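Chemist: The residues making up each chain are set out below.
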Amino acid sequence: MSTAAVTARDPALEWVLPSRGRVGMYGLIVAESAIFTIFVVAYLFYVGKSQTGPLPGDVLHVPVVLTICLLSSSVTIHRAVTALLRSRTSAFVLWWAATIALGAFFLLGTAREWRHLIYDEGLTIRTNLFGTTYYSLVGLHAFHVTVGLLGLAIVLLLALGRRVRREHSERLEVLSMYWHFVDAVWVVVFTVVYVIGR
Amino acid sequence: MQSKHTAADLAEHVASFASTVLVCQMIPWVASATEPLSPTSIFAPASTPADAIFELSLFVLAVTGVIFVTVFGLLVYAVVRFRRKQHDDGSEPPQVYGSNQVELAWTVIPVLIVLALFLASARVIASIQHPAKPAGALDVVVIGHQYWWEYRYPDYGVVTANELHVPVSDPTHPTPTFLTLLSADTDHSFWVPRLAGKTDLIPNHPNSMWIDPHETGLYLGQCAQYCGTQHGLMLLRVYVDSREDFDRWIEAQRRPAQVDGAVARGRQIFEATACVNCHAVSGVGADGRFGPDLTHFMSRDTIASGAARNTPENLRLWLRNPDAIKPGSGMPAMQLSAEDVDAVANYLESLR
Amino acid sequence: MSTTPIAWTGSDSAQRPLVERLHDWVTTVDHKRLGVLYIVFALICLVIGGIEAAIMRIQLIAPSNDFVSPQVFNRMFTMHGTTMIFFVAMPLVFGFANYLVPLMIGARDMAFPRLNAFSFWLTAFGGLLLHFSFLGGSGLYGAGTAPDVGWFAYAPLTAKTFSPGHSTDYWTLSLLVSGFGSIGTAINLVTTIVCMRCPGMTLGRMPLFAWLSLTMAGLVILAVSPLSAAQIMLLVDRYLGGHFFDTQAGGSAVLWMHFFWVFGHPEVYVLVIPAFAYASEIIPVFSRKLIFGYAVMVAATVCIGFISMSVWAHHMFTVGMSPAANGFFVLSTMAIAVPTGIKIFNWLATMWGGKIQFRTPMLFCIAFLFQFLIGGLTGVMLASAPLDWQLGSSYFLVAHFHYVIVGAILFAAFAAFYYWFPKFSGRMCSEALGRLHFWLFLIGFHLTFDCMHVPGILGMPRRIYTYEPGRGWDTWNLLVTIGVVFQALGTLVFVANLVWSYLKGDPAGSDPWDAWTLEWSTDSPPPAYNFAVLPVVRSRRPLWDLKHPEDPDWKYEGEG
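If you're matching them up, the sequences are chains A, B and C in order.
The first sequence maps to residues 1 to 198 in the numbering used here.
The second sequence maps to residues 1001 to 1352 in the numbering used here.
The third sequence maps to residues 2001 to 2560 in the numbering used here.
Keep in mind that the hints were calculated from the coordinates and are not lab data.
Since this is a predicted model, take the numbers as computed values, not measurements.
Accuracy of the hints is not assured; some may be wrong.
Derived DEER-like restraints, expressed as beta-carbon distance ranges [as the list claims (entries may be wrong)]:
#1 Q1101(B) to A2324(C): 33 to 39 Å
#2 F2132(C) to G122(A): 38 to 44 Å
#3 R1289(B) to A101(A): 21 to 27 Å
With a straight-line Cα cutoff of 27 Å, these simulated DSS-like cross-link-like pairs (lysine-lysine) come out [to be verified]:
#4 K1085(B) to K2547(C)
#5 K1085(B) to K2355(C)
#6 K49(A) to K2355(C)
#7 K2355(C) to K2555(C)
#8 K2547(C) to K2355(C)
Quick reminder that beta carbons are idealized off the backbone N, C-alpha and C, glycines included.
Taking the hints into account, I'd like the entire structure generated from these sequences.
Modeler: What follows is the structure, given as structure tokens:
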């Protein structure tokens, strides 16, 4: 039985399908969104239900600076990828490094906030429902930031070794989609924890 | 219960009638023969919630029965009529791509059927959940434990276990029993099929249900939500008493524990060993709540929430080796000597 | 057959040492080999899960029996359910999808071959971890510390207080790990179908198998993720002292139920949609007619996918939700019966006017139709909340879901085995053994699961290790257990058939069934690269067009 086609390929036939990397990353983003949604639902469900303190209104301070940093990192990563598309590799490296710096600063800030909450306010994951849901949700997000930063750092190392060129920009764009997702999740987490839940 | 006369109601009543006739002819062994055969058949309702569900089930059964007969008939016909014949010439039959009209037809009809079933169900949901509570209603708080049932009658100050007594309810002057369902540990479910559908007992999530049994008697059931090792023997016994019998029973339950000098030794052992950590006997300083209240232990027909009959042998066996009756229940073997077991058993047998 | 010297054949590998061949299998990223690995893994777990079921049925054959202790029994039903859902049914559907989707869409492999392999090994490791629990604690005698919390692991039974030790953690971790594998495979499937179809194969020209695999994969992404989230929360409770489901601290047991069933209900559609896919490919071929109403079938499937995300609380009708909530879930659950019914009618219409051949795959498909109809109708009964208040959590429910999972899904999977085995192996299965398998299993299935409805109606709850005499349950339980013997025999015959046919079956050729989709246009088994030249298609049945140049499909397909 012939393994050949039904008809010979018509050279005029345009056959363009979406890129695999993009679609795969969308799939991952949808899956992760579903995971985060469950944590957000649990957080909202338990607002006001803690049987003991400390309560959100008492101990939470709105992390304005950290938020600005993280959201700006979306801008910087976008700039980086655009720069690479125009083969401006040194601009790319600078913007990419800036993204990492902003992300790292965010994580450090979160660590500081947690240190304060644990040692000064006595809020741990086992203290009450607020503690459990807060550390889980914010922690899950911070975990995703960490993983993202790891990926970004690997790319930075490769870039510093001059291994990253214009033809890799598609892949970096896919990676940057993940980073944008992490930022978008922060918008939701921020709203739920520091605006609604407080 | 209000009744709104809609087209769906009318259709439902007609179908109910037809289906009752049909079902009673088609499945006699379920509808009529199970009553003597099974004390827990959902098709032998004895209380309004169970009745309502039974009637709804006849309607649903009739509708699904018709669907089944139709589709199965078509399947059989297709398989017979359109099988490849012996003398087939090997040509392909006409290739039919589809038909929008046909698709529409077998979309619209099922949608209508779904609506009818939904409306019928919604009515019964409304009638069973959150009904009005008449003046003569009895309140009982049911607390599920691993693996026994605690019953409290707040209006009477009575705490008992494992055998629930309720008064019979006359449909003209209903005296239903309203149960508040709580749990001390894991999830349980209260299911006495002839009286009502099951409702779960979930910690930190109070539920409620009601029954109004029309006939006196003993109704059986058991826990219907897996709650741990001995979920299988967490049995339910609901005694529906006449008004007089119930009043007599509750009066007896309100009395403090009998004190009988002849069993003093047994009572001493009971109080000195760890028994009192789990079990309460009112009026004598035993107030453990982990296990069933034993104040009127001898008023019960069974022990270990129905796992064994309340006989002298079973009682002694239970005290010596609970695992022989209900392995994995919370009751430990207390390692008492044979005489001590006997003494304690005698003491328990004095708790009428 | 085209003479392609680079084609891999059985005789090539026979010369190579066993270690090398095993190494190939362990390191493969070929979707066909991974498909086979998934399927073989599933079959092994099927036998294990079957033994667990047999142990339970022996215990329940008579009242007050003591074949096993309640502790062992509780582990059996937990492991049976968990194994069958996560390590039999899911790997089976992933295995078939893995093998066939790239072939059917004219691609050379899945979009992410290494992710594919990683996902399989995650699943396999999860299965290993779950079964290691038998050994993990006190050893095999007394069945170790296998989890005993039920396959849906309700809180607070899973809290450290009520489940000390590690049994629950084996449940949580093995499913968390294999869940990530499932999500990986799902992402892979979606990407493959969206991005790698051969030229001319628009979405509207894909085989229904591909459409249904796409829907299934979408559901996996949306449904397994909530389970993973809930399991992480459970781990936080058990290990970090969290209170997500800690009712003593104000936590909610009902929240776990919501999270679990948001996964659990779409999960059963993840399992049944591939069964629909097998039926949609096999019934047309053995009726010699194309599928009736392709577009409607696609639309119905997508509808089912969407609606299935909104019915979950019909598993919670007894939990004490408000009448409005109960009513909503009654409506949504019954609504899903509409597109499902449409599919049954379309399969019937496909057979209507055809020339039905009763080869083994078709026998299993006809049984599938019959049994799915019944299982669907008992589902409609349970969808009515008041009926569920009586029948839920009883053996009526157990009968219902086994009717769908065994009677529909497993039967369709058997059909798929017999249909595609020639493609996977290059050999035909024995028809005689196939028929023997069919009849044995059919009799056993009906004896067990028809009879199982009755104890439920007579008040027998599920998950009880024993029961009192005098409830009217005794004879029915005996009959249910006897049916297991026939099913076991049928399964043995099936395995024997697979082995015998693999070794001694007639050569199949590339297209033994005279079928119409692309997998039949290449060798059996296909070479590693699938197609020498990537196909270009003009219709939904490219091979029909080749075989019937005077009357090709693309003349009629216009809008559809």
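Chemist: For every hint, state whether the structure bears it out.
Modeler: Taking the hints in turn, this is what the structure says about them:
{"no.": "1", "hint": "Q1101(B) to A2324(C): 33 to 39 Å", "verdict": "37 Å, holds"}
{"no.": "2", "hint": "F2132(C) to G122(A): 38 to 44 Å", "verdict": "39 Å, holds"}
{"no.": "3", "hint": "R1289(B) to A101(A): 21 to 27 Å", "verdict": "60 Å, violated"}
{"no.": "4", "hint": "K1085(B) to K2547(C)", "verdict": "22 Å, holds"}
{"no.": "5", "hint": "K1085(B) to K2355(C)", "verdict": "8 Å, holds"}
{"no.": "6", "hint": "K49(A) to K2355(C)", "verdict": "65 Å, violated"}
{"no.": "7", "hint": "K2355(C) to K2555(C)", "verdict": "23 Å, holds"}
{"no.": "8", "hint": "K2547(C) to K2355(C)", "verdict": "18 Å, holds"}
Hint compliance for this structure: hints 3 and 6 are not met, and every other hint is.
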